[in-house]
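Heads up: the sequence shown is residues -24 to -1, 1 to 111, going by mature numbering (1 follows the signal peptide of the UniProt record, and there is no 0).
For the record, the hints were derived by calculation from the structure and aren't laboratory data. Take the hints with a grain of salt, since some may be wrong.
Said to hold, decoys possible - Derived Cβ-Cβ restraints for the label pairs, each shown as a range:
{"no.": "1", "residue 1": "80", "residue 2": "19", "range": "19 to 29 Å"}
{"no.": "2", "residue 1": "18", "residue 2": "67", "range": "24 to 34 Å"}
{"no.": "3", "residue 1": "14", "residue 2": "55", "range": "16 to 26 Å"}
{"no.": "4", "residue 1": "19", "residue 2": "99", "range": "14 to 24 Å"}
{"no.": "5", "residue 1": "17", "residue 2": "54", "range": "52 to 62 Å"}
{"no.": "6", "residue 1": "12", "residue 2": "52", "range": "44 to 54 Å"}
Said to hold, decoys possible - Here are the simulated lysine to aspartate or glutamate pairs, DMTMM-like style, with alpha carbons at most 25 Å apart:
{"no.": "7", "residue 1": "11", "residue 2": "75"}
{"no.": "8", "residue 1": "11", "residue 2": "86"}
{"no.": "9", "residue 1": "57", "residue 2": "109"}
Note that the structure is a prediction, hence the values are computed from the model and not measured. Beta carbons are placed, not taken as given, at the ideal position from N, Cα and C, and that holds for glycine.
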Amino acid sequence: MKLRTITAAGLAIALAGCTTIPSAGNPIEARWVGKSAGIFFAAYGPPISDREEGASTIYTWRGGYKTVRIPAKYAEGADGKRGKQIAAARTAYLRCQADITTSSDYTIRDIRTVADIPGVNGPSYCAEFLAPEQK
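Kindly generate the complete structure, drawing on both the sequences and the hints.
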């Protein structure tokens, strides 16, 4: 009986040290995990839906609607001149959708992009919109 109690206590201590740390590769999580969902929704607008999962609430948020014109891209020609066109100019309709998991105290525990498209300056518009680089 004592062995079970000691084992259970050791397991509880080991699990208490576990936390979710946002990965360095995900700037959205790095920016928002651990902050109040109220701050997020005040900055970017309200969620479109929510659902309960145990003690957590998962909010579905959609926003960041923007239309941008992306100029044509050209290869570098001889003597620094513009070469052959390698990509045509286009219009991009940017948007983002994310699932935001909050704990019972309304703190963001996880934020996962559901719908994302390439941004103007990189592979993720959601990252550009929700976690802009600080200058």
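Evaluated hints:
About 22 Å separates the C-beta atoms of residue 80 and residue 19, a value consistent with the hinted range of 19 to 29 Å. With their beta carbons about 30 Å apart, residue 18 and residue 67 fall inside the hinted range of 24 to 34 Å. Range check, residue 14 to residue 55: about 57 Å between beta-carbon atoms, so the 16 to 26 Å window is missed. Separation of residue 19 from residue 99 is about 23 Å and conforms to the stated range, judged on CB atoms against 14 to 24 Å.
Between residue 17 and residue 54 the beta carbons are some 53 Å apart, a value that agrees with the proposed interval 52 to 62 Å. Here the CB-CB span from residue 12 to residue 52 is close to 48 Å, well matched to the stated 44 to 54 Å. About 15 Å separates the Cα atoms of residue 11 and residue 75, which keeps this hinted pair within 25 Å; it holds. Between residue 11 and residue 86 the CA atoms are separated by roughly 10 Å; this keeps the pair inside 25 Å, and the hint holds.
Restraint check for residue 57 and residue 109: the C-alpha separation of about 32 Å exceeds 25 Å, so the hint is violated.
Consistency with the previously given hints fails for numbers 3, 9, ordered from lowest to highest.
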